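Each position in the sequence shown, counted from 1, maps to that position plus 765 in our numbering.
No lab work stands behind these hints: they were computed from the structure. Warning: the hint list may mix true and false statements.
Straight line, CA to CA, 20 Å or less: simulated EDC-like cross-link-like pairs of lysine to aspartate or glutamate [said to hold, decoys possible]:
no.: 1; residue 1: 979; residue 2: 958
no.: 2; residue 1: 979; residue 2: 946
no.: 3; residue 1: 818; residue 2: 835
no.: 4; residue 1: 855; residue 2: 878
no.: 5; residue 1: 867; residue 2: 878
no.: 6; residue 1: 774; residue 2: 785
no.: 7; residue 1: 855; residue 2: 775
no.: 8; residue 1: 817; residue 2: 775
no.: 9; residue 1: 949; residue 2: 965
no.: 10; residue 1: 978; residue 2: 958
no.: 11; residue 1: 774; residue 2: 825
no.: 12; residue 1: 950; residue 2: 965
no.: 13; residue 1: 818; residue 2: 785
no.: 14; residue 1: 943; residue 2: 835
no.: 15; residue 1: 855; residue 2: 883
no.: 16; residue 1: 817; residue 2: 828
no.: 17; residue 1: 774; residue 2: 883
no.: 18; residue 1: 979; residue 2: 832
no.: 19; residue 1: 855; residue 2: 778
no.: 20; residue 1: 774; residue 2: 888
no.: 21; residue 1: 774; residue 2: 821
no.: 22; residue 1: 818; residue 2: 775
no.: 23; residue 1: 978; residue 2: 946
no.: 24; residue 1: 979; residue 2: 947
no.: 25; residue 1: 960; residue 2: 946
no.: 26; residue 1: 929; residue 2: 785
no.: 27; residue 1: 929; residue 2: 946
no.: 28; residue 1: 962; residue 2: 952
no.: 29; residue 1: 978; residue 2: 991
no.: 30; residue 1: 774; residue 2: 878
no.: 31; residue 1: 859; residue 2: 835
no.: 32; residue 1: 774; residue 2: 828
no.: 33; residue 1: 978; residue 2: 995
no.: 34; residue 1: 936; residue 2: 946
no.: 35; residue 1: 774; residue 2: 813
no.: 36; residue 1: 817; residue 2: 863
no.: 37; residue 1: 817; residue 2: 835
no.: 38; residue 1: 989; residue 2: 888
Just so it is clear, the structure is predicted and the values come from calculations on it, not from any experiment.
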Amino acid sequence: MTKKVLSGKELRELSRSHNDVQQLRISIGNRNRQGIGIKGKEKLEDLENDLKKQMEEILELEELYVDFLENIRGCGPGLSAAIIGELTSKTTIKQCAECKKKDNSKTFCNNCERIYNERTVNDFPSSAHLWAYTGYGLKNGEILKRKKGQKANWNQFLKMTLWKWAQNQIKQGRTYRKIYDERKKYEQAQNKERKSKLTDGHIHNRTTRYMIKKFLSHLWYFWKGEFEGELPK
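The whole structure should be built from the sequences, with the hints applied where relevant.
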């Protein structure tokens, strides 16, 4: 039997650490294939597996994982932990005395206090708010893009995680792949009517964003306990 626990902070930090270790392991592996001979890859693999085990132990108590994410092929513990952790924890930073002296509310250092709080589905009044938080919403009919010199007002790590999730769905050919295929046919048909044609890459990106938004809508309804119907098979 599962129970709801305040584990967003732990999952967030574990998943980000897991991602860091994984990227470092992959980087070292690529260099070693070029004959560099860097040692320590095995230790990174052990650490990566240990972090994954810690995430799995927490996820087994998370309703959103057991009742929803675990049932989706291509959404393993690493991706699930990142999704739940980023959605259910929010961080505010309290400036230290030195940063306050700089008279800049956006100046932070390692001595500043990180305060973690729980975020619930009530922080997202609709699935559209979830789209905006993850960077997959629209503003004035246009996709969200970070302007040069400005900080993105969405969760960059979660946006990247969801894109990885989407690529898994496309590759494994089941579950949400059907939604992708149907939407791609629609986009291709629409493209024939356009004077300025979209490239295959643009169509792929538009279709991928649509699939991610459909997934986030399903997640939002599950989170609220109002999901009806069946998940894609």
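For each hint, the structure was consulted:
1. 979 <-> 958: violated, 25 Å
2. 979 <-> 946: Answer holds: residue 979 to residue 946 is near 13 Å, not above 20 Å.
3. 818 <-> 835: holds, 15 Å
4. 855 <-> 878: The given pair, whose Cα atoms are some 14 Å apart, holds under the 20 Å limit.
5. 867 <-> 878: holds, 16 Å
6. 774 <-> 785: Within the cut-off at roughly 17 Å; holds.
7. 855 <-> 775: Holds, at roughly 12 Å.
8. 817 <-> 775: holds, 12 Å
9. 949 <-> 965: Between residue 949 and residue 965 the Cα gap is close to 10 Å, so the pair holds against 20 Å.
10. 978 <-> 958: violated, 25 Å
11. 774 <-> 825: holds, 16 Å
12. 950 <-> 965: holds, 12 Å
13. 818 <-> 785: Since the Cα atoms of residue 818 and residue 785 sit roughly 16 Å apart, the hinted pair holds (cutoff 20 Å).
14. 943 <-> 835: holds, 18 Å
15. 855 <-> 883: The hint holds at about 6 Å.
16. 817 <-> 828: holds, 18 Å
17. 774 <-> 883: OK: residue 774 and residue 883 at ~8 Å, within 20 Å.
18. 979 <-> 832: holds, 18 Å
19. 855 <-> 778: OK: residue 855 and residue 778 at ~12 Å, within 20 Å.
20. 774 <-> 888: It holds: about 16 Å lies between the C-alpha atoms, which stays within 20 Å.
21. 774 <-> 821: holds, 15 Å
22. 818 <-> 775: Satisfied, since the Cα-Cα distance of roughly 13 Å is no more than 20 Å.
23. 978 <-> 946: At roughly 15 Å apart (the allowed maximum being 20 Å), residue 946 and residue 978 satisfy the hint.
24. 979 <-> 947: Distance of about 13 Å is within 20 Å: holds.
25. 960 <-> 946: Answer violated: residue 960 to residue 946 is near 24 Å, above 20 Å.
26. 929 <-> 785: holds, 15 Å
27. 929 <-> 946: Between residue 929 and residue 946 the Cα gap is close to 17 Å, so the pair holds against 20 Å.
28. 962 <-> 952: holds, 11 Å
29. 978 <-> 991: holds, 17 Å
30. 774 <-> 878: Holds, because 15 Å separates the two Cα atoms, which is no more than 20 Å.
31. 859 <-> 835: violated, 36 Å
32. 774 <-> 828: holds, 16 Å
33. 978 <-> 995: With Cα atoms ~17 Å apart, residue 978 and residue 995 stay inside 20 Å; holds.
34. 936 <-> 946: Holds: residue 936 and residue 946 sit about 12 Å apart, inside 20 Å.
35. 774 <-> 813: holds, 19 Å
36. 817 <-> 863: Violated. Residue 817 to residue 863 sits at ~37 Å, over the 20 Å cutoff.
37. 817 <-> 835: Holds, at roughly 15 Å.
38. 989 <-> 888: Holds, at about 11 Å.
When the structure is compared with the earlier hints, violations turn up for hints 1, 10, 25, 31, 36 and for no others.
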